[in-house]
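Following the hints, complete the assembly by docking chain B onto the known chain A.
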Amino acid sequence: MGTVARDVMDTKFHLLSPETSIAEAVRLFKEAGEREGRRLFGMMVVDGEGSLAGTLSMYDILLVVRPKHIHIWGEMDDLDVTGLVDASCERVRSLLVGDIMTTDVTTITADTHLFMIVDIMLKKHIRRLPVVEDGKILGIVYISDVFYHLLDRFVA
Amino acid sequence: MTVIDNRSVLSGIKVREAMRRQVVRLDRNAPVAQAIRYFIKYKVNALLVVEEDFRAAGVASKTDVMGAYYAGLPLETPLEAILFGPPLFCEEDDTLESALGTMRERGIYRLYVRGEEPDATAGVLAYPDIVGMLYRYCRRCAKNIFRHRKPYDEGDGNCYLKVREIMTPSVKAHGVDETLAQVMEGLSEYRVGAVLVRDRQGRPAGVISKSDLMIAYKHGVPSDTPAGEVMGTPVFSCHREELLARAIQSMIYRDVHRLFVHSGDPGDVAGVFSLSDAARARSGSCRACIPSRIQVE
Numbered sequence: 001m002g003t004v005a006r007d008v009m010d011t012k013f014h015l016l017s018p019e020t021s022i023a024e025a026v027r028l029f030k031e032a033g034e035r036e037g038r039r040l041f042g043m044m045v046v047d048g049e050g051s052l053a054g055t056l057s058m059y060d061i062l063l064v065v066r067p068k069h070i071h072i073w074g075e076m077d078d079l080d081v082t083g084l085v086d087a088s089c090e091r092v093r094s095l096l097v098g099d100i101m102t103t104d105v106t107t108i109t110a111d112t113h114l115f116m117i118v119d120i121m122l123k124k125h126i127r128r129l130p131v132v133e134d135g136k137i138l139g140i141v142y143i144s145d146v147f148y149h150l151l152d153r154f155v156a
Numbered sequence: 157m158t159v160i161d162n163r164s165v166l167s168g169i170k171v172r173e174a175m176r177r178q179v180v181r182l183d184r185n186a187p188v189a190q191a192i193r194y195f196i197k198y199k200v201n202a203l204l205v206v207e208e209d210f211r212a213a214g215v216a217s218k219t220d221v222m223g224a225y226y227a228g229l230p231l232e233t234p235l236e237a238i239l240f241g242p243p244l245f246c247e248e249d250d251t252l253e254s255a256l257g258t259m260r261e262r263g264i265y266r267l268y269v270r271g272e273e274p275d276a277t278a279g280v281l282a283y284p285d286i287v288g289m290l291y292r293y294c295r296r297c298a299k300n301i302f303r304h305r306k307p308y309d310e311g312d313g314n315c316y317l318k319v320r321e322i323m324t325p326s327v328k329a330h331g332v333d334e335t336l337a338q339v340m341e342g343l344s345e346y347r348v349g350a351v352l353v354r355d356r357q358g359r360p361a362g363v364i365s366k367s368d369l370m371i372a373y374k375h376g377v378p379s380d381t382p383a384g385e386v387m388g389t390p391v392f393s394c395h396r397e398e399l400l401a402r403a404i405q406s407m408i409y410r411d412v413h414r415l416f417v418h419s420g421d422p423g424d425v426a427g428v429f430s431l432s433d434a435a436r437a438r439s440g441s442c443r444a445c446i447p448s449r450i451q452v453e
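Heads up: the sequence lines are chains A and B, in that order.
Sequence positions in the first sequence follow this note's numbering and run 1 to 156.
Sequence positions in the second sequence follow this note's numbering and run 157 to 453.
Be a bit skeptical, because a hint or two may be false.
Claimed, not checked - Taking CB as the label site, the calculated pair distances span:
1) GLN178/B x SER51/A: 25 to 35 Å
2) ARG292/B x ASP119/A: 53 to 63 Å
3) LEU229/B x THR106/A: 27 to 37 Å
4) SER21/A x ALA426/B: 50 to 60 Å
As the list claims (entries may be wrong) - Here are the computed lysine-lysine pairs in the DSS-like style, where the Cα-Cα straight-line distance is at most 30 Å:
5) LYS199/B x LYS30/A
6) LYS123/A x LYS68/A
7) LYS199/B x LYS123/A
8) LYS199/B x LYS68/A
Claimed, not checked - To spell it out: a stretch of chain A is covered by chain B in this simulated footprint if at least three of its residues, at any positions, have a beta carbon under 8 Å from a beta carbon of chain B; those stretches are:
9) 53 to 65
10) 94 to 103
FYI, nobody ran anything at the bench for these hints, they're computed from the structure.
Being a predicted model, the structure only gives us computed values, none of them experimental.
Idealized CB from N, CA, C, for every residue including glycine.
So here's chain A without its partners, still in its complex pose (with noise of 0.2 Å):
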């Protein structure tokens, strides 16, 4: 059993550019997410020359969509709230990935342990982590997947 993380890597990753709408980015989850089945929940950005740019999760997504004043108009129990969804999808609709993706990405190389990489996950609260070698994306690495090949070492 590998420890590093090319022995955990997804190679089969998706790319979005910055100059996608929100509303394509959506999309293409989705599509990719079918294709691999299984849901996904963020995805690379690469610039023109195809380095790594950012990240698009959905949280960057969720963090637009959520009305500004929601922790007021919360207890508005009284208020109606029909199409309000909609509005507030609408208002994402004139925004790019390059708008609102995360630019500041911790990334690994494939050499990284998985126990460093476990480490930089529960640290930072975050999911997945490109896997970037002299500029160049090699895969992704998903916190589901190092957790379930750490998994086989206890059921082995």
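This is chain B only, laid out in the frame that chain A set:
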């Protein structure tokens, strides 16, 4: 015993009760493009710009970013080139009235709140936070209009503040054919967050806010682009006789900071009412709180 008729519902309330504890920070070397991403994602109007050791260096607001757009600065420009500083601080135990007084005197829209540790920032206090807190207080009050079982009775109307009493009775507007640069000059001159855009017949066609301009900047839209191509629609408006509480509710619900005010014809806008106006009025939505305050000498 003296009846104090100039005390507001804010009397005695501390900054800690209204402040927001999430402070959005960025390093002073971060590019303007990153600041725009943060403005969009976290829905804030300003960022605390910090040194490498997290000490506060200054504030970068949407106005500063708009200035960078107007000046034609590249999106890679570091924040330190546009920040305004140092930031002004208040304490968690300061009264809201004194904090609002400082904001008014200094012509600023937010104060950062000092933390317990040296050089630490515990939170930020901005007008919308104060309005939000007042709104929650008002909602729980027995006199709240939303607690009335019967439909709103005009006979009780004298008790409740209306939009016309708080609104700014004039509107800054630009034409759809004016350029974004002209709109930015107007926003800077009027010191407002958004302007109305009128069509060629003079009727309200849309709104351009600093947020719209930031996104245009990020998308590489030239500043000589006509306002009509960037403006947001529709124009959210209300009647000047609308109850203040309902207007605030409407803004909160629609995620907007201002409503344009008309006298019956939405095509004839005569004023504007913002969440900041509501905070500056130093009141909730009702007069009941003001005469009930009695000071014993």
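These are the hints, each one checked on the structure:
1. For GLN178/B and SER51/A, the Cβ-Cβ distance of about 31 Å falls inside the hinted range of 25 to 35 Å, so the restraint holds.
2. A hinted range of 53 to 63 Å is violated for the C-beta pair ARG292/B and ASP119/A, which are about 41 Å apart.
3. LEU229/B and THR106/A have their C-beta atoms about 29 Å apart, which keeps the hinted 27 to 37 Å range intact.
4. A C-beta distance of roughly 37 Å is found between SER21/A and ALA426/B, which places it outside the suggested range of 50 to 60 Å.
5. This hinted pair checks out: LYS199/B and LYS30/A have alpha carbons roughly 26 Å apart, not beyond 30 Å.
6. Distance check on the hinted pair: LYS123/A and LYS68/A sit about 28 Å apart at the alpha-carbon level, within 30 Å; holds.
7. Restraint check for LYS199/B and LYS123/A: the C-alpha separation of about 26 Å stays at or below 30 Å, so the hint holds.
8. Annotation: proposed proximity of LYS199/B to LYS68/A holds, straight-line Cα distance about 6 Å (limit 30 Å).
9. Given as covered by chain B, the segment 53 to 65 of chain A passes the check, having 3 residues with a CB less than 8 Å from a CB of that chain where 3 are the minimum.
10. Counting residues of the segment 94 to 103 of chain A whose CB lies closer than 8 Å to any CB of chain B gives 8, so the stated coverage by that chain holds, three being the minimum.
In summary, the numbered hints that this structure violates are 2, 4.
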